[in-house]
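> Construct the entire structure; sequences and hints are all you get.
Those protein sequences? They're chains A and B, same order as listed.
So for the first sequence, the numbering used here puts the first residue at 1; every next one is plus one.
So for the second sequence, the numbering used here puts the first residue at 1; every next one is plus one.
Calculated from the structure, these hints are not laboratory results.
Careful: at least some of the hints might be erroneous.
As the list claims (entries may be wrong) - Reference listing, derived: stretches of chain A covered by chain B, where coverage requires no fewer than 3 residues with Cβ under 8 Å from a Cβ of chain B:
#	segment
1	31-39
2	46-52
3	210-220
4	234-245
For every residue, glycine included, the Cβ atom is placed at its ideal position computed from N, Cα and C.
Protein chains: 2
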Amino acid sequence: MSYELLLDHIKKTTALAQVSGLLSWDQETQMPPKGGTQRAEHMGAIEGVLHARRADPRIPEWISRIDQDGLDIAAKTNIAEAQKAFGTALKVPADLAEALAKHAAKAQGLWAKARAAQSFADFAPALREMVNLKRQEAAARQTGNSSLYDTLMDDYEPGMKTSEISGLLADLREGLVDLRARIADSGKVMPTLKGDFPADRQMALARALPEIFGYDWEAGRMDIAVHPFCSGNGGDVRLTTRVDASNPFDCIYSTIHETGHGVYEQNIPGADSLAPAHSYASMGVHESQSRMMENQIGRSRAFAEYLFPMFKAHFGDIGVETTDDFHRAVNNVRSSYIRTESDEVHYNLHIMMRFDLERALIEGDLEVDDLESAWNERFKADFGVTVDAPANGVLQDVHWSVGLFGYFPTYSLGNLYAGELFAKMQGDIKGLDDMISRGKLSEPLEWLHRNVHDHGRMKPPAQLIEDATGHKAGASALLEYLNAKFGDIYGV
Amino acid sequence: MSYELLLDHIKKTTALAQVSGLLSWDQETQMPPKGGTQRAEHMGAIEGVLHARRADPRIPEWISRIDQDGLDIAAKTNIAEAQKAFGTALKVPADLAEALAKHAAKAQGLWAKARAAQSFADFAPALREMVNLKRQEAAARQTGNSSLYDTLMDDYEPGMKTSEISGLLADLREGLVDLRARIADSGKVMPTLKGDFPADRQMALARALPEIFGYDWEAGRMDIAVHPFCSGNGGDVRLTTRVDASNPFDCIYSTIHETGHGVYEQNIPGADSLAPAHSYASMGVHESQSRMMENQIGRSRAFAEYLFPMFKAHFGDIGVETTDDFHRAVNNVRSSYIRTESDEVHYNLHIMMRFDLERALIEGDLEVDDLESAWNERFKADFGVTVDAPANGVLQDVHWSVGLFGYFPTYSLGNLYAGELFAKMQGDIKGLDDMISRGKLSEPLEWLHRNVHDHGRMKPPAQLIEDATGHKAGASALLEYLNAKFGDIYGV
Chain A
1 MSYELLLDHI
11 KKTTALAQVS
21 GLLSWDQETQ
31 MPPKGGTQRA
41 EHMGAIEGVL
51 HARRADPRIP
61 EWISRIDQDG
71 LDIAAKTNIA
81 EAQKAFGTAL
91 KVPADLAEAL
101 AKHAAKAQGL
111 WAKARAAQSF
121 ADFAPALREM
131 VNLKRQEAAA
141 RQTGNSSLYD
151 TLMDDYEPGM
161 KTSEISGLLA
171 DLREGLVDLR
181 ARIADSGKVM
191 PTLKGDFPAD
201 RQMALARALP
211 EIFGYDWEAG
221 RMDIAVHPFC
231 SGNGGDVRLT
241 TRVDASNPFD
251 CIYSTIHETG
261 HGVYEQNIPG
271 ADSLAPAHSY
281 ASMGVHESQS
291 RMMENQIGRS
301 RAFAEYLFPM
311 FKAHFGDIGV
321 ETTDDFHRAV
331 NNVRSSYIRT
341 ESDEVHYNLH
351 IMMRFDLERA
361 LIEGDLEVDD
371 LESAWNERFK
381 ADFGVTVDAP
391 ANGVLQDVHW
401 SVGLFGYFPT
411 YSLGNLYAGE
421 LFAKMQGDIK
431 GLDDMISRGK
441 LSEPLEWLHR
451 NVHDHGRMKP
461 PAQLIEDATG
471 HKAGASALLE
481 YLNAKFGDIY
491 GV
Chain B
1 MSYELLLDHI
11 KKTTALAQVS
21 GLLSWDQETQ
31 MPPKGGTQRA
41 EHMGAIEGVL
51 HARRADPRIP
61 EWISRIDQDG
71 LDIAAKTNIA
81 EAQKAFGTAL
91 KVPADLAEAL
101 AKHAAKAQGL
111 WAKARAAQSF
121 ADFAPALREM
131 VNLKRQEAAA
141 RQTGNSSLYD
151 TLMDDYEPGM
161 KTSEISGLLA
171 DLREGLVDLR
181 ARIADSGKVM
191 PTLKGDFPAD
201 RQMALARALP
211 EIFGYDWEAG
221 RMDIAVHPFC
231 SGNGGDVRLT
241 TRVDASNPFD
251 CIYSTIHETG
261 HGVYEQNIPG
271 ADSLAPAHSY
281 ASMGVHESQS
291 RMMENQIGRS
301 RAFAEYLFPM
311 FKAHFGDIGV
321 ETTDDFHRAV
331 NNVRSSYIRT
341 ESDEVHYNLH
351 IMMRFDLERA
361 LIEGDLEVDD
371 LESAWNERFK
381 ADFGVTVDAP
391 ANGVLQDVHW
401 SVGLFGYFPT
411 YSLGNLYAGE
421 LFAKMQGDIK
431 GLDDMISRGK
441 LSEPLEWLHR
451 NVHDHGRMKP
461 PAQLIEDATG
471 HKAGASALLE
481 YLNAKFGDIY
491 GV
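See below:
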């Protein structure tokens, strides 16, 4: 009986958290410009309710009366999640939780305006306040020998520590820098697309893709957003994408990427029950699903067989003649300003830079006033290019405006996980390349259901990946894949 | 200090109620088909929170400690609204409030499906449950000599009683039936449009209209819905419309109608403060704004001067040659199945029928199982036509599916109010027709701001109209307007 009361309580909390997610989706895709003031109040009010529900004193009472011996893993997970959320909520003052939610809604609008106006100074005061609030939150929640940054990262990757992710990223960095140097030394230049890519044609092609990757349109939709994202759960999982008339790959690969997220959310069994056990394992695992769809499958030579004819059908002459050249155009390696448009070799270098900068902001080693110059210096050092405009630099990502500190490293972790999972999948599924080349992905999807989606949140994320592959995740699987792929393309 | 605590509390409640409104908007315009199960949980969870906030025992404590003597009318209104909502919430069990919200979200989807399938039987069980829940709610709230129906109607038209609205409707009915008979006797047939009215052209014309009526696109948007409505407040007021390729007037006049609602919401001073004093006065007053825009202005001979050239520009040859003929086509009087497409002479006869049927359902004088035949009999009696399909009959309106009982009569009340307000406005503004014929509505809009919008909820609705016109509202102003207009058009 206590368990039923607890479960009913946390399901309603999940329902309200989903509402908050929908408000964010609406803000980024539908809301009119003058709706921002009220929306901040909406977000603050919902957060106040969520906070009070998570800190409800009946939660520990219910839990203390539950005999967990006879319960299944789902029930145990639900109890553990409620316990954890209770512990966190108890430490964070309600006023602070509400202030964070309201400030995020406001700061996001200010970020979008500052980005359009190419002015970091316009955004700096809002970011300063956000860093201040997140530092307060982390300080209130900090336990044991966790750093402020560890405390925040735990929201996105439960159990992950700065020391562990730093080690993984260092291994990855070494391999990537080496591969990049060999590619640069090759002197080879990849073909690029030339043609006419009107927005409506890009969207028509984009809309044809999610289904191939297992997305169910009856349980979702796709809209345009400044910064593509996926939002929702179970029977209502919404994708967003964007369109750049000069570069159709941005739209197409953003779409495939977000589809990977969406297919995960749509396929967690029991997701519409609102129980925490039936939600995603971590943001790192989430990102493994999106990146595998986008890269290991979407940017493969096999998928080029399928995608190239679609490009020709939608855009006519696109300036490349062969499937090999199309595949090379898809996998052009070069320094670029924008993380989300980056190739697989540079992508994680973008993340490492954000990881170091945001850690310094949260730990008090970098002031917001110095962030733009710190960004530009680091970018020059890592990418050999001078940032030409804030929208191509420090203002490119939405994350910090809405308080997502500790989130960026989960992107790289997701890449490592994707590398591990895909290597195992290749061994497990005979004729995988042939399936990919025909756009027939039901077997790899079933593999993902069985090894990832079906488990919801019922295993710790690192354990989930280890159980799927038979070993602890590291950088080597991803590096082997990248070395083989780009070694072949660039002949290095 | 007590007042500030109370105000902060009720503003957050308003914020959450606005969120609930946004969820409904999303459900009707954006949500994918499989999102319904979770959405019902979302609605139930929000309603549970709203109920608990409205019934918060601190509310009467705060109020008892406030010295109201020095407070302004806005503060007094806020206190009275909180007191009233507290009294209501205290009487309605939380379980019932949540069950109603969840059932509304489900029943709306079932209504839409049953409507598409032309099967009242598919919808009847959900409607039976809704009537059952609303009867329980009304019984729990009933006070003094109010009927169950009075109790529900009070949510939409505070203070209105069945006896009073029945008297107004009886006066109106007498005049309308007489006018209709004279029109029928005239034997005159109005011209009708003939042409090609593609959906995208209709929407292009529709999008050009709201601005003329004072709508601010920066604080709103327009989408397609099965049943047009307006949703939101202050800086975020969203319109919906629909498109019927065979009848462009449906789209155009639905748009103008909803714009009238939207302009009201956008122009209540302080609406974005979330304080109840700065919200609309009643649904009757709301409807007066939409109907005046749609009919007294939008279907006038003067506005035909403005709209006819727009029609020709958007659709080319539309089968009428003169402004007079266009005006006659706009004002074609004939029995039709659908309330929202009805002419001004028949419209209130549609309402009277719903008023009688829904009152019988709530008071226990009619069973849901007998509703379809009761509808069809009454329709035949009042309109002289046999209903040919449920979507043209008992399934045409969304209202009952979402529990809106007691709402329909506010439409007729709004028509009476529009008649009263427009008669006064005509006397007050010199050259009004000329302004309307040029689409220059700033003076009538200012008149509406001053006499209606500016007062928010700070006057009882009937008082608001009386203060604007100098006398109690009745049916005569509307009947005089209709007799003059259709007398002219039909020569009767």
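> Can you name, in rising order, the numbers of the hints this structure does not satisfy?
Those not satisfied: there are none.
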